[in-house]
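Colleague: One-letter residues, chain by chain:
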Amino acid sequence: MPAVTGPDADPQRRSVLKGGSLLALLFSVHGLPVLLSPRAAHAQGVALQVLTNTQRATLEAIGEVMVPGARAAGLAEYVDHQLAAPFGECLLAARVLDIAPPLAAFYRAALANIDAAARQTFGGPFATLQGPDQIALVTTMTTKDPDGWHGAPAPFVFYLLRNDAIDVYYGTVEAYERLGVPYMPHLVPNKPW
Amino acid sequence: MSEEKVDVAIVGAGVAGAILGARLAAAHKKVVILEHGPNWKSTDLVSSQIWSRRIKWGGARVEQSGKNPVGYNFNMGWGSGGSAIHHYAQWPRLHPEDFRSKTLFGRGVDWPISYEDLQPYYDRVQEQVGVSGDAAREPWRPPGAPYPLPAMKIYRQGEVLAAGFAKIGIRTAPMPMAILSQSYKGRPGCIYDGWCDAGCPIGALANPLITDLPAALASGAELRSSAVATRVLMSKDGRHAVGIEYFDASANKHAQYADVVILANNCVQGPRLLLNSATSTHPNGVANSSGTVGHYLLTHFASGLKGMFDVDMQNHMGTTAACLIGQDAYAKAEGSYTWFIPQAQKLTDLLGIANVDGTLFGAALHDFVRRAIKGLGSIIAIAEQTPRAENRVSLASTKDAYGYALARWNNSIDEREQKLFITMRAEGQRALKAAGATQIWAPESVGFQHIAGGLRMGTDPANSVCDSYGRCHDVPNLVLAGAGTFPTEGAVNPTFTVHALTQRTADHLLAHWGSYAA
Chain R
1 MPAVTGPDAD PQRRSVLKGG SLLALLFSVH GLPVLLSPRA AHAQGVALQV LTNTQRATLE
61 AIGEVMVPGA RAAGLAEYVD HQLAAPFGEC LLAARVLDIA PPLAAFYRAA LANIDAAARQ
121 TFGGPFATLQ GPDQIALVTT MTTKDPDGWH GAPAPFVFYL LRNDAIDVYY GTVEAYERLG
181 VPYMPHLVPN KPW
Chain W
1001 MSEEKVDVAI VGAGVAGAIL GARLAAAHKK VVILEHGPNW KSTDLVSSQI WSRRIKWGGA
1061 RVEQSGKNPV GYNFNMGWGS GGSAIHHYAQ WPRLHPEDFR SKTLFGRGVD WPISYEDLQP
1121 YYDRVQEQVG VSGDAAREPW RPPGAPYPLP AMKIYRQGEV LAAGFAKIGI RTAPMPMAIL
1181 SQSYKGRPGC IYDGWCDAGC PIGALANPLI TDLPAALASG AELRSSAVAT RVLMSKDGRH
1241 AVGIEYFDAS ANKHAQYADV VILANNCVQG PRLLLNSATS THPNGVANSS GTVGHYLLTH
1301 FASGLKGMFD VDMQNHMGTT AACLIGQDAY AKAEGSYTWF IPQAQKLTDL LGIANVDGTL
1361 FGAALHDFVR RAIKGLGSII AIAEQTPRAE NRVSLASTKD AYGYALARWN NSIDEREQKL
1421 FITMRAEGQR ALKAAGATQI WAPESVGFQH IAGGLRMGTD PANSVCDSYG RCHDVPNLVL
1481 AGAGTFPTEG AVNPTFTVHA LTQRTADHLL AHWGSYAA
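Chains R and W are the protein sequences, given in the same order.
Numbering (the numbering used here) for the first sequence: 1 to 193.
Numbering (the numbering used here) for the second sequence: 1001 to 1518.
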C-alpha cells in the first residue's frame, strides 16, 4: 500500500471559503476569460452562448417561480455555460438524469413547450404571465402535462429545471451560511471547474 | 504513443482494473490500462454535489427499457477510479448464504465458490486498505478477522434513528467503512465533512486513486485516459483474444495488442463491448457461446425514507456513508435486505435535502429547506434482486460516435420483490415514527442502487460466461473482473467483494501465468 505523497500528503483541512467562490466558472467577458460565479456573471450581464434571449427569459421566469432568488443567483448563466460544455464535462443534473445529448436540444424543446403551454392556457409566453398564472402552470407541471404540451413529460421537465435552480441557489458556500450551517469543503479548488 | 504488444491490456481503471494493474505490474508484467474517461488526481476532487457530476458517467448513452429503469449515469463512474471515486465506502461482506441462494432459498443460482473461499481475501483486503468498524457489535457478521481500525464516529442523526430502530426491535451496529477512523499507513483519518460522494481528496476514503492506481503506475503500468475501447480483437481462429481496439481523444483508432486481455469496465459496458466484438467465429459476441453475456444483470432495489425531527441532527457532519447498519432481515427465505442509517446530508443533487419532496417549489421549498437542513433524518433499505435472464444488457439499434451499437438495459422487479419493497417501506415508517419523526416521506416508487452481474461466473460453460477467476470459458486469455461476474449480489454494497474477488483473480493469474499467456 503506497503512502500518500505529493500534494495529498498535507492537505489544507477545512478551508473556509467566502462569498460562494466554490462555484466559479470560466465565463467570457468582452472576449476575455474571467472566473466568475453564476451570480456574478448575472450581475455583470454576461452574454449567453447557447440560449436565445427568449429562452433565457423563459428559463429565468420559471426558475424564479420554482426557487425564488434563482434568477439573481445566475440560473440562466449557469445553464447556458454548461450547455456549451462537452457532455463529459457537464455539471447539469441533466447528465445524471440520463438525458440524451446534445442537452441544448432538450432544453430548447423544453423551454419552447413551456411557452406553448403558457400561450394555450393563459395567452402569452411564460415570462409575460402574471404571478398567479405562472404558479398555476408550474403547479400543473408537477403532476401532469399542461394543455398544449408536447415532448418530454412536464413533471420531468419541472424536476430538471427545479434542480438547476436549486443548484445555483443552494449549491454555494453563501447559501449554507445563510442557513446557518458550515459548508466545510475539504479543499479549495485551485483552478476553474 | 507506443502500441507495442504488451503482456496485459486492461479496459477500465476502476477498482478491478487498478488492482490487477498494480499486482501484474509489480510482477514485472508490462501493463496498459485503457480508461474511457479522464485521469483524475485526488486534488481534482471538489467538495460540491454539483461538481460531483463530473465523476459520474459521461460516456455513451445507455438506453433503458423494462418496468423499472435504473439511473445509469448517476450510478456509474467516469474516469480513473471508476465508480469507486464516488462510492460511499460502506463495506459489509457478503454472507455465506449469499453464495448458496439457489440451494438454500430456491432463488437465482449458487456461486461456484463459497464464502470460505473468499474470506481470506476479505481479511487481507481490509488490512491493506484500512477498514473501520466494530466486529463485536455486528451480530450478523460472517466469520473474519476483526477490523484493523475502530469504528467511525456517530453523530446525532445516527443516535436518534438507531433508537427508533431499537424501539421496533431491529438491531443496528456501526457500519464497516473503508474510511480511516484514524491515520493508517501514512494516510490521514477522516475529517467528517460529509463530501465523500464528491470524491475524498485527502485520501481517508479508499478509492483507487489512493489504494492501487499509484502503485500500478509506480510499478510501470501505463494509464491511457480518454481511450474508448470498442472491440476485443480476436485471433483468426477465434481461440484467443489478441488485443483491444480503441479510439483516443482525437477519435483516432488504435489497436493495443496483448498476451492477456482483461475487461474491468462496468457491468453494462463490459457486455456491450463483448457483444459489439462479434466475429465469424463468435457470431453472438465474444465469449458468448452460452448466450448469457449481458443477461442476469442485477441491481439493488431500495426504499429510502426521510423524517423531520425537532432536534438538530448534525446533518452537515459525518460521512456520506451510513454510520449504522442493520441486518436482522438478512438471509431470509423471502429475500435479504439491509438497513442503512446515513448521516451527512447536503442540500443539492438528486439525493439532496432540497429533493426530498420533489414537487415543492417557491416559498414552500425555501421553508422546507430551512427546517430540513438541521431536522431531517434519513434511512434506506436495499434488497437483493434475484437474477433473471430478462434483466439484461443488449445492443440497441442506435450507434455511438464510432459506429458501435449503444447498450440497452432492461430491468424489472417481480411480484415478490415488490412485496419486499412494501415490507421495507412499512418497517422504515415504523422506525422513523418510533424515533420521533414529526413528518415522514416514504416514496411509493422503488429506488435502485449498485449494478452487478451481466457477465456471471459459473462452472458450466453452458450457462455462465467465465469461471470464478473471471477467465472466460470460451477464450482462455480473456479475463473479466469486477461486479459483472457476480452470480448474485446479496444485499450489501459490492465494492469490498470486488476488491476481494479481484485479489483472488490476481493470485490465480500470477500463479498460472503460463496458461493464460500461452
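Treat the hints as calculated values from the structure; they're not laboratory data.
Everything numeric in this text was worked out from a predicted model, so none of it was measured.
Fair warning: there could be bad hints in the mix.
[As the list claims (entries may be wrong)] Far from chain W by the CB rule (all over 12 Å, computed), these chain R residues:
hint : residue
1    : L48
2    : I62
3    : A100
4    : A116
5    : T142
[As the list claims (entries may be wrong)] Label pairs and their computed distance ranges (CB to CB):
hint : chain 1 : residue 1 : chain 2 : residue 2 : range
6    : R       : T143      : W       : G1403     : 38 to 44 Å
7    : R       : P33       : W       : A1364     : 36 to 42 Å
8    : R       : D133      : W       : K1419     : 41 to 47 Å
9    : R       : A136      : W       : P1150     : 27 to 33 Å
10   : R       : L97       : W       : G1106     : 23 to 29 Å
11   : R       : A109      : W       : A1364     : 47 to 53 Å
12   : R       : A105      : W       : K1253     : 24 to 30 Å
13   : W       : T1398     : R       : G151      : 54 to 60 Å
Backbone N, C-alpha and C fix where the C-beta goes; we use that ideal spot for every residue, glycine too.
Colleague: Take the hints in turn and mark each one as holding or not.
Modeller: Hints, one by one, checked against the model:
no.: 1; hint: L48; verdict: 19 Å, holds
no.: 2; hint: I62; verdict: 10 Å, violated
no.: 3; hint: A100; verdict: 5 Å, violated
no.: 4; hint: A116; verdict: 21 Å, holds
no.: 5; hint: T142; verdict: 4 Å, violated
no.: 6; hint: R:T143 <-> W:G1403: 38 to 44 Å; verdict: 41 Å, holds
no.: 7; hint: R:P33 <-> W:A1364: 36 to 42 Å; verdict: 39 Å, holds
no.: 8; hint: R:D133 <-> W:K1419: 41 to 47 Å; verdict: 44 Å, holds
no.: 9; hint: R:A136 <-> W:P1150: 27 to 33 Å; verdict: 56 Å, violated
no.: 10; hint: R:L97 <-> W:G1106: 23 to 29 Å; verdict: 37 Å, violated
no.: 11; hint: R:A109 <-> W:A1364: 47 to 53 Å; verdict: 28 Å, violated
no.: 12; hint: R:A105 <-> W:K1253: 24 to 30 Å; verdict: 28 Å, holds
no.: 13; hint: W:T1398 <-> R:G151: 54 to 60 Å; verdict: 19 Å, violated
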